[in-house]
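**Q** Since the structure of chain A is already known, use the hints to place chain B on it.
Residue numbers (this note's numbering), protein chains in the order written: chain A, 436 to 1174; chain B, 10 to 95.
Because the hints were derived from the structure by calculation, they are not lab data. Source: prediction; values computed, not measured. Virtual Cβ for every residue (Gly too), placed ideally from N, Cα, C. Be careful, since some hints might not be right.
[Unchecked claim] Per the computed footprint, the stretches of chain A lying under chain B, defined by three or more beta-carbons under 8 Å from a beta-carbon of chain B, are:
no.: 1; segment: 639-645
no.: 2; segment: 656-664
no.: 3; segment: 668-675
[As the list claims (entries may be wrong)] DMTMM-like, lysine to aspartate or glutamate: derived pairs with alpha carbons at most 20 Å apart:
no.: 4; chain 1: A; residue 1: 464; chain 2: A; residue 2: 515
no.: 5; chain 1: A; residue 1: 995; chain 2: A; residue 2: 1131
no.: 6; chain 1: A; residue 1: 940; chain 2: A; residue 2: 956
no.: 7; chain 1: B; residue 1: 25; chain 2: A; residue 2: 671
no.: 8; chain 1: B; residue 1: 25; chain 2: A; residue 2: 673
no.: 9; chain 1: A; residue 1: 944; chain 2: A; residue 2: 956
no.: 10; chain 1: A; residue 1: 863; chain 2: A; residue 2: 911
no.: 11; chain 1: A; residue 1: 991; chain 2: A; residue 2: 1131
no.: 12; chain 1: B; residue 1: 25; chain 2: A; residue 2: 439
no.: 13; chain 1: B; residue 1: 49; chain 2: A; residue 2: 673
no.: 14; chain 1: A; residue 1: 863; chain 2: A; residue 2: 909
no.: 15; chain 1: A; residue 1: 991; chain 2: A; residue 2: 960
no.: 16; chain 1: A; residue 1: 1121; chain 2: A; residue 2: 830
no.: 17; chain 1: B; residue 1: 49; chain 2: A; residue 2: 493
no.: 18; chain 1: A; residue 1: 863; chain 2: A; residue 2: 905
no.: 19; chain 1: B; residue 1: 49; chain 2: A; residue 2: 439
no.: 20; chain 1: A; residue 1: 552; chain 2: A; residue 2: 515
no.: 21; chain 1: A; residue 1: 1121; chain 2: A; residue 2: 1131
no.: 22; chain 1: B; residue 1: 25; chain 2: A; residue 2: 668
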Amino acid sequence: MNDDDIQQIFFVECDEALEATEAGLDACKAGTHDDETINAIFRGVHSIKGGAGAFGHEALQAYTHCFENLLGDIREGKVELGGDLVDLLLLANDLLRVHVEAARGAGEAPDDVELMKRLEQARPGAEPSPQAQAATTGADAFPDPLDDLDALLDELAAPEEDRSQDASSQSAAQLKTVAEPETEPEPDPWLIHIRPRAGGMANGSEPLLWLRDIVALGGECVLCDTQAIPPIDRLDPEQGYLGWTYRLPGRVERAEVEDIFDFVGEDCALAFDDDPMPTVDVPDEPQSTPAPSPSVASSSAPDDATPSPVASAPTPIPAIPAPAPTKTAAAQSASTTPQTSQSVRIDLKKLDKLIDGVGELVIAQAMLTQRLENESFAHIEELAMLDTLVRDIQEHAMAFRAQPISSVFGRVPRLLRELAGNTGKHVKLDVSGETTELDKTVIERLSEPMTHLIRNAVDHGIETPAERTEVGKDAEGTLTLAAEQKAGRIVIQISDDGRGINREKVLAKAIKNGLVDADAELSDDEVNQLVFAPGFSTAAQVSNISGRGVGMDVVKQNVKELGGRITIDSKPGEGTTFTLALPLTLAISDGMIVQVGDQSLVIPLAHVIESLRPNRDDVKGLGTQRQMLNVRGAFVPVVSLGAMTGAQGMVSEPCKGVLVLVETESHGRAALMVDAITDQRQFVIKSLDAHYRSVDSVAGATILGNGKVALIVDVDFLVQSSSGTQGIAPSCGELVDAA
Amino acid sequence: MNTLSLPASCDRAATKALYTDICEALGPAPLAIDASAVEKIGQAMLQVLVSANRSDGGIVVTAPSQAFCEAAKLAGLDHLIASEAA
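So that you can see chain A by itself, here it is in the shape it has in the complex (with noise of 0.2 Å):
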């Protein structure tokens, strides 16, 4: 692993922070909040900070450290948590994440100057941070804070008369840097001493980016330990040899030095005081001389084999505080290892490798099976057994790739703060079944067409305050979110309590622009459905927001990609729902193989409810091509799947047949029509559009266990052809002939 893979581990750290960061003000905005929520807002912003400050983020870690400053009166009571104060961290998280994203590489560093001098002024009687002075004098966009150590390092560089000079002089020099009042006494300086981990540098430590912070804070090098270092043929340049012992003045809490190393984890040991420099852990060297301590007498050896001190006279340390208990880094970590141990991040691509050899494991079993069952083998033991195991395995590996929708989910306040500043719309957000969990790719994949959706609501649908208020509504919207699991799929409904869709505009509109015939009937779902039309928009003005025409027809088809469907619901006046059917994995699933004429079709077991073979009196005639199917006194129609693949030689009665009787996410249940019924098991998915081209009544195709290609019948679209206007896909029979 090298830096940049731990960058990028960081980087997902940072999203997870944010994520946690997002919820708990979320929980702060509506009321919901507890001393918990803000410790975890703290610890996101807080851990992203050292994260930032270890590899050398200085934008990210300098606007951090002052967003964290507020959060940390907050916490500790010193300021009391109004609404005025949540919208300004709201908004401070908000430009969190773009710093987050300018450090990953996306775009440019944003201008915090005004934001922190916000968070600065929120915190009680504080006087403004050395950034915030620098924000109110606009010299630098990003207060750099290798500033101060820019003037201790020339300090240092300073000739060796000046840097001879009494330690207790400069240290009072150092004092006058922080304006401390000079009534108050000087609390004693006291000693950090610092041992990276041997290995530590293998992980993407590196230790002078801490020593860095320590000097950023007053610290002053006292000793460097270069005892452990062995000569030049024995040395492992990839492990550390070196510790170091700093002096920080008084004022500076001993906690603020260990935030430095939150992040660190067990990659240094620190030790405090008079207490000895931590031991090096290289392995393989035999610690011949024992670790020094880091007395001061030590220090003033000149020789080069010998710990280097930094000033060649040190002072003596005044009298050292009563030592407080030692807490090394790596002891703390210790003592939390059984509970930080019980996850593990798995590179994505090694995932979907896994993910692509289950894949062909079922298809492998899927030929075993044909293979065995033509040997007369089918039902034996060892079978059944492999079977079992494949679908363990296979739901397994699925797991790993579900996630929460709540990742979709907590974008969507920030997203309604944006709206609300651009359209002055504030809009209240009601979400349920956030803990839905769905494939990765399907959760990622899903971002942008939600974020079309909730655009589009806030700007089209929801009515201003003022025209709210004037039909009575509150004048506050509302958009209510909901993810369910349902018949194997996922339903996904953004709903909004705007005015609902204008169908007389909306049709006027598709007339005017040549979508539909002027003199069309058309029932209230196919002109909601127009609105789905490439280059459709109903708005008089293009916004930048929406409006362009091309968001809903970009919906449909990212919706369609992850194999699911979009229906509209909507009531004038009262709002529009927006109901999008997903698949629960993109890879996997369960289906019934089906003959029709010479083809074997697939049909999603989730669409399935029961299949039969009918008398010739449960179907009836409707018109002169239609037929409907009496189930148990319920009237469905009938859909020939031989229509669709144009085979040859399919039964054309249905009573000859077998009908499968299928339910829809919007057009209610159809009755297939299918020559047999030959298996049932799961199958693997292959798209078609990267195959072939994509196929309105096709949801992909599938590999057989006697090698052949199946299509995989897209049940919705069918039953939705045959119950409408359209015609079933006449594309599909040139579609089997080519598969």
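**A** The following block gives chain B in isolation, referenced to the frame of chain A:
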């Protein structure tokens, strides 16, 4: 006097790559280390230089860049720079 130039980025990977060259270049006479191009340097390279300085001939750091000087002082190893004058 043998001379070896340090690259702009003296991180762990660069140290690993240069380590053998440094070992081979060391001899009875001081090895000149040209640190003028150094923009970034970490613990790994500094400790290699400390170890090299203890060899028979030692090293002399020549024309150290500001980044080199700052890092050496931060680490309390500014005697490496002082060796320039030696």
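**Q** Does each hint hold? Answer for all of them.
**A** Here's how the hints hold up against the structure:
no. : hint             : result
1   : 639-645          : holds (count 3)
2   : 656-664          : holds (count 6)
3   : 668-675          : holds (count 5)
4   : 464/A to 515/A   : 13 Å, holds
5   : 995/A to 1131/A  : 9 Å, holds
6   : 940/A to 956/A   : 15 Å, holds
7   : 25/B to 671/A    : 9 Å, holds
8   : 25/B to 673/A    : 7 Å, holds
9   : 944/A to 956/A   : 15 Å, holds
10  : 863/A to 911/A   : 7 Å, holds
11  : 991/A to 1131/A  : 13 Å, holds
12  : 25/B to 439/A    : 17 Å, holds
13  : 49/B to 673/A    : 17 Å, holds
14  : 863/A to 909/A   : 11 Å, holds
15  : 991/A to 960/A   : 15 Å, holds
16  : 1121/A to 830/A  : 18 Å, holds
17  : 49/B to 493/A    : 15 Å, holds
18  : 863/A to 905/A   : 19 Å, holds
19  : 49/B to 439/A    : 16 Å, holds
20  : 552/A to 515/A   : 19 Å, holds
21  : 1121/A to 1131/A : 15 Å, holds
22  : 25/B to 668/A    : 13 Å, holds
Every hint, counting from the list given before, is met by this structure.
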